[in-house]
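Colleague: Since each chain comes alone in its own frame, lean on the hints to assemble the complex.
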Amino acid sequence: MTRTPVPIDFPPIRRDDFHLYAHASGDMNPLHLDPAQAQAAGLPDVMAQGMYSAALLAGAVERWFGAGAMTRYGVRFRLPVWPGDRLQARCLSAMAVSGNMADLDLGLFNAAGQAVLSASARVRVEGSDG
Amino acid sequence: MTVSADLGTWDFEVTAESVAAFRAATGAPPDERVPPTFTVVASSGMIDRALRDVLRLDPARTVHGEQTYDYIAPVRIGQRLRGSARIVSDTMKKGGSGMMRIVTIAVEYRDAASHALLLRETTVIIEKRGQG
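In order, the protein sequences belong to chains A and B.
Those letters in the first sequence? Residues 1 to 130, by our numbering.
Those letters in the second sequence? Residues 1001 to 1132, by our numbering.
A hint or two may mislead.
If you want the footprint, here are the derived chain B segments under chain A, 3+ residues with CB under 8 Å [stated by the list, open to error]:
| id | region |
| --- | --- |
| 1 | 1025-1039 |
| 2 | 1060-1067 |
Not close to chain A: a few residues of chain B, all C-beta gaps over 10 Å, as computed [stated by the list, open to error]:
| id | residue |
| --- | --- |
| 3 | Asp1006 |
| 4 | Trp1010 |
| 5 | Ala1016 |
| 6 | Arg1052 |
| 7 | Ile1077 |
| 8 | Arg1086 |
| 9 | Thr1091 |
| 10 | Gly1098 |
| 11 | Met1099 |
| 12 | Met1100 |
| 13 | Thr1104 |
| 14 | Asp1111 |
| 15 | Lys1128 |
For the chain A half of the interface with chain B, some residues (derived, Cβ under 10 Å), not all of them [unchecked claim]:
| id | residue |
| --- | --- |
| 16 | Leu31 |
| 17 | Tyr52 |
| 18 | Met70 |
Calculated directly from the structure, the hints in this document are not laboratory data.
Quick caveat: nothing in here was measured; it's all calculated off a predicted structure.
Even glycine gets a Cβ: it sits at the ideal position worked out from N, Cα and C.
Only chain B is shown next, with the shape it has when bound in the complex (with noise of 0.2 Å):
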């Protein structure tokens, strides 16, 4: 199945303690660049309530499979970002050990004028032990 569901919009602002915690945790030297993966500190906790709360899911039990970034614009700091996330695909493929569902969702990261920075894809994989 493919589906498109809105999964709603959200704020972030982009702050220099937030991005020196993500280099300092991630062995990068300071700087003031925005690395190239920030935007999960954004995105992981919305990714988490659309498997919980509307794909009832349990987030433990899904297996991150994939990710990809398109970067359309740079990241800064002091930026405002507005997220939106959606559904892009929610299928079944059968697997090594029985059936697994695979979805895919999009986030789009704007500016506060409008203009698009960044587009990220994550797709999680869940397998269904034991059914047909």
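Just chain A, same shape as in the assembly (with noise of 0.2 Å):
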């Protein structure tokens, strides 16, 4: 059995994180960017990259397993994420599986307490010192 890390929070979402984003990505989908198409679509606002949110995560991976850890990662994309919103990165469990190698159960979750993106990940765990 693997120790679970700790929760990171994320500063508060902003517009500006999605321009950011979509230039450092390829991804402008107006959607992410121009509140008049997203309103037009249907949608109350902006909202974030599926990509940025799953980046966002995969990020804490490596801060609590450090980079390259990972030898799979998985994300199932739940709710839109909103500017304004708080989010953490929470790794639900670490089961060890063979040799030095653990699963991961993570989520992405909003202050409400809803998971906005799930994930699985694979990652090397080097040493037994945390």
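Modeller: Below, the structure is given as structure tokens:
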């Protein structure tokens, strides 16, 4: 059994984050950038790129287990992320599998406690000193 | 329907600038290592083109449902990657508000020596409102 790491809180999500991510990733979908187009599509506001949220959670796994630790990462997009949301990355369980590998059950949660992303990962766990 | 439609190959260079921009945009501290989801930079345009030109879908009407990665070997700054994409499944499923079409596109990245580095699968959902 591997210890579960402490949750990581992210600063409140800003519209600027979606623009920065759009330019860095190439995902220029206007539903993430233009409030008028988002509202025309029936949304209350622009929403985060799903892969932006996936990158936040992946970054949390790297902070917990080290860069390059993941050998698998799978994400299910469950709810939109809106400007102002406060997100928390949680590792819900960490189960040692074979050798120095562990399987993680992960989630990215909003302030209402809803999982906006659920995810799983397999990581290499180096040493035993945590 | 399960299909295996080849969507072609393309080359992509992992530059220090693009990795630094991606890290900054996702709140990651500066580091020369390539973040786990970085290859979205090389893939998102290809996937949008596949949705639009091959599957005749409006990318703005598709919902990104799932994303998976298998990391085989590290992707490093300075590498030239060759991506290849294919449609691995295209199925219809009954959902809460009608029929849904679910499409999965797999992308594989190899290095210049043709060693596999990374596999990623993108699953998108298209709701068919009012259609049986």
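Colleague: Against each hint, give a clear statement of whether it holds in the structure.
Modeller: Outcome of the hint check:
Counting residues of the region 1025-1039 of chain B whose CB lies closer than 8 Å to any CB of chain A gives 9, which reaches the minimum of 3, so the coverage claim holds. Here's how the region 1060-1067 of chain B fares: 6 of its residues keep a CB closer than 8 Å to some CB of chain A, so the rule of at least three is met and the hint holds. Residue-level check passed: B/Asp1006 sits 22 Å from the nearest beta carbon of chain A, beyond 10 Å. Residue-level check passed: B/Trp1010 sits 13 Å from the nearest beta carbon of chain A, beyond 10 Å.
For B/Ala1016, the non-interface assignment is confirmed: its Cβ lies about 13 Å from the closest Cβ of chain A, beyond the 10 Å cut-off. In this structure B/Arg1052 is separated from chain A by more than 10 Å, as the shortest Cβ-Cβ distance comes to about 12 Å. The Cβ of B/Ile1077 sits about 13 Å from the closest Cβ of chain A, beyond the 10 Å cut-off, so the non-interface label holds. Every Cβ of chain A is farther than 10 Å from the Cβ of B/Arg1086; the closest lies at roughly 19 Å, confirming the non-interface assignment.
Listed as a non-interface residue, B/Thr1091 keeps its Cβ farther than 10 Å from every Cβ of chain A; the least gap is roughly 17 Å. Residue-level check passed: B/Gly1098 sits 16 Å from the nearest beta carbon of chain A, beyond 10 Å. No Cβ of chain A comes within 10 Å of the Cβ of B/Met1099; the nearest lies about 20 Å off, and the non-interface call holds. The claim that B/Met1100 lies off the interface holds: its Cβ sits roughly 14 Å from the closest Cβ of chain A, which is beyond the 10 Å cut-off.
For B/Thr1104, the non-interface assignment is confirmed: its Cβ lies about 12 Å from the closest Cβ of chain A, beyond the 10 Å cut-off. No Cβ of chain A approaches the Cβ of B/Asp1111 within 10 Å, the least distance being about 16 Å, so the stated non-interface status holds. Listed as outside the interface, B/Lys1128 is consistent with that label: its C-beta sits roughly 17 Å from the nearest C-beta of chain A, beyond the 10 Å cut-off. The criterion of a C-beta within 10 Å of any C-beta in chain B is met by A/Leu31, whose closest approach is roughly 6 Å, and the hint holds.
Look at A/Tyr52: its Cβ gets to within about 7 Å of chain B, closer than 10 Å, so that hint holds up. Here the hint on A/Met70 is kept, as its CB sits about 6 Å from the closest CB of chain B, short of 10 Å.
Hint compliance for this structure: every hint is met.
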